[in-house]
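Trainee: Single-letter residue listing:
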Amino acid sequence: LEPIRYHRVAILLHWLIALLIVVNLAMGLTFDSDLVRHLATETRYGLYQWHKTFGIIVLFLSVFRLGWRLTHPAPAMPQTMPRWEKSLAHLGHIGLYVLMIAIPFTGWLLVSASTLNIPTLMFNLFPWPHLPIAEMLEDRGAFAKNMSELHELVAFAMIGLLVLHISAALRHHFLLKDDVLKRMLPNKKSN
Amino acid sequence: MIKYRLYIAAIISVIFALAHAPTASAFTPPTKNFPPEASGTYQVDTSHANILFSATHLGLSNYFGRFNKMDGTLKFDAKDVTKSTITMKVHAASVDSNNSEMEAKFQGAEFLNAEKFPVATFTSTKIEKLSDDKGRITGDLSLLGITKPIILDVVFNGYALNPYTKKPTLGFSAKGSFKRSDFGMIAYIPDVGDEVSLIIEAEFSKAE
Numbered sequence: 001l002e003p004i005r006y007h008r009v010a011i012l013l014h015w016l017i018a019l020l021i022v023v024n025l026a027m028g029l030t031f032d033s034d035l036v037r038h039l040a041t042e043t044r045y046g047l048y049q050w051h052k053t054f055g056i057i058v059l060f061l062s063v064f065r066l067g068w069r070l071t072h073p074a075p076a077m078p079q080t081m082p083r084w085e086k087s088l089a090h091l092g093h094i095g096l097y098v099l100m101i102a103i104p105f106t107g108w109l110l111v112s113a114s115t116l117n118i119p120t121l122m123f124n125l126f127p128w129p130h131l132p133i134a135e136m137l138e139d140r141g142a143f144a145k146n147m148s149e150l151h152e153l154v155a156f157a158m159i160g161l162l163v164l165h166i167s168a169a170l171r172h173h174f175l176l177k178d179d180v181l182k183r184m185l186p187n188k189k190s191n
Numbered sequence: 192m193i194k195y196r197l198y199i200a201a202i203i204s205v206i207f208a209l210a211h212a213p214t215a216s217a218f219t220p221p222t223k224n225f226p227p228e229a230s231g232t233y234q235v236d237t238s239h240a241n242i243l244f245s246a247t248h249l250g251l252s253n254y255f256g257r258f259n260k261m262d263g264t265l266k267f268d269a270k271d272v273t274k275s276t277i278t279m280k281v282h283a284a285s286v287d288s289n290n291s292e293m294e295a296k297f298q299g300a301e302f303l304n305a306e307k308f309p310v311a312t313f314t315s316t317k318i319e320k321l322s323d324d325k326g327r328i329t330g331d332l333s334l335l336g337i338t339k340p341i342i343l344d345v346v347f348n349g350y351a352l353n354p355y356t357k358k359p360t361l362g363f364s365a366k367g368s369f370k371r372s373d374f375g376m377i378a379y380i381p382d383v384g385d386e387v388s389l390i391i392e393a394e395f396s397k398a399e
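Going down the list, the protein sequences come from chains A and V. Following my numbering, the numbering of the first sequence begins with 1 at its first residue and continues without gaps. Following my numbering, the numbering of the second sequence begins with 192 at its first residue and continues without gaps.
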């Protein structure tokens with residue numbers, strides 16, 4: 001019943017989201033660097049707008065992907081994997097889904113609450129709505145600051161989980177020599 | 192495989208090229224010659240608004256404090272600025288003097304009585320234009336349930352499209368003073384001065 005490979009939609013979503021996450025993590029990690037601090041203000045402004053654009057895209061693709069995952073069975077893990085390892089793998093994947101949604105969502109919350117009233121411009125061009133939370137908050141600034149810390153925390157959690165995720169994929173491919181990585185790689189023949 | 196790598200490399204290059212492109216236009220400094228379409232309703236930008244107050248302490252120094260929470264609406268008439276109106280609401284409990292003990296005293300019944308009078312209001316009644324960038328606003332100050340006119344001397348710093356908020360924005364500096372005893376706030380006079388000076392620096396963003 002379970003397919004051998006991931007569906008090409010699942011594969012496309014995986015790599016597209018992966019690319020955007022890596023780009024956004026790199027941006028997030030460098031926003032406070034001297035390099036970015038010394039850029040012209042409008043370039044910095046643009047970088048933040050692209051960071052927010054990718055985040056919103058990741059958020060919606062991830063919600064769609066979660067729906068897809070829940071309605072399309074994933075290929076079974078290799079028979080050779082011990083039970084605890086399978087459970088750990090499932091747990092890791094659940095964690096990745098939680099973070100894929102939580103990171104952009106905390107970012108969206110923080111820009112929505114911020115007292116600076118900076119709009120979110122998709123592709124640095126057209127405005128994207130903010131969540132209607134500003135009126136509900138007693139202290140917008142404090143909420144935005146807390147959310148900013150949470151945004152950073154979940155992003156670092158993602159970096160940790162990504163290291164595990166990539167190490168596990170490489171271990172399967174190079175050490176265990178099974179098809180766990182291959183079935184998530186684009187392949188024109190199947191599907 | 193090679194084809195996919197090419198795609199990925201292309202996508203990454205495009206993303207970085209776009210990300211680094213300075214697409215936001217460079218900031219045009221504030222102008223005092225605002226266009227007619229500058230007319231409209233503006234809200235105070237609470238993250239760029241400062242309402243400072245001061246009074247002498249024993250004649251030794253001037254003690255400063257500020258209010259952190261406010262609302263303000265400016266109905267700006269670009270064709271005839273004297274037809275504009277402004278209303279500011281200042282939340283008494285948000286008084287800040289860098290000293291929580293003193294803040295509690297200011298919030299208390301002797302001074303602002305924030306529990307009974309949570310909001311002080313200023314409503315303009317007359318706006319005079321003295322020069323291109325200077326004006327005088329007469330308005331009613333409601334404080335501790337008493338309403339009396341006060342005068343603010345205003346400097347108009349300019350009109351600009353704020354490059355961060357992307358909103359038309361007006362910037363002002365204002366000064367004024369009043370006697371707090373006029374509003375029944377008599378505690379510690381004259382050790383703490385009767386005359387309260389106001390220093391206001393505020394930006395107003397055009398409402399959608």
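Be careful, since some hints might not be right.
[What the hints assert, rightly or not] As a list, the in silico PhoX-like pairs of lysine-lysine whose alpha-carbon atoms are at most 25 Å apart:
#, chain 1, residue 1, chain 2, residue 2
1, V, LYS370, V, LYS317
2, V, LYS357, A, LYS145
3, V, LYS325, V, LYS370
4, V, LYS358, A, LYS145
5, A, LYS86, A, LYS145
6, V, LYS325, V, LYS339
7, A, LYS145, V, LYS260
8, V, LYS260, V, LYS320
9, V, LYS274, V, LYS317
Keep in mind the hints are simulated off the structure, nothing from the lab.
Trainee: Please list, smallest to largest, the hint numbers that this structure does not respect.
Mentor: 5 and 8
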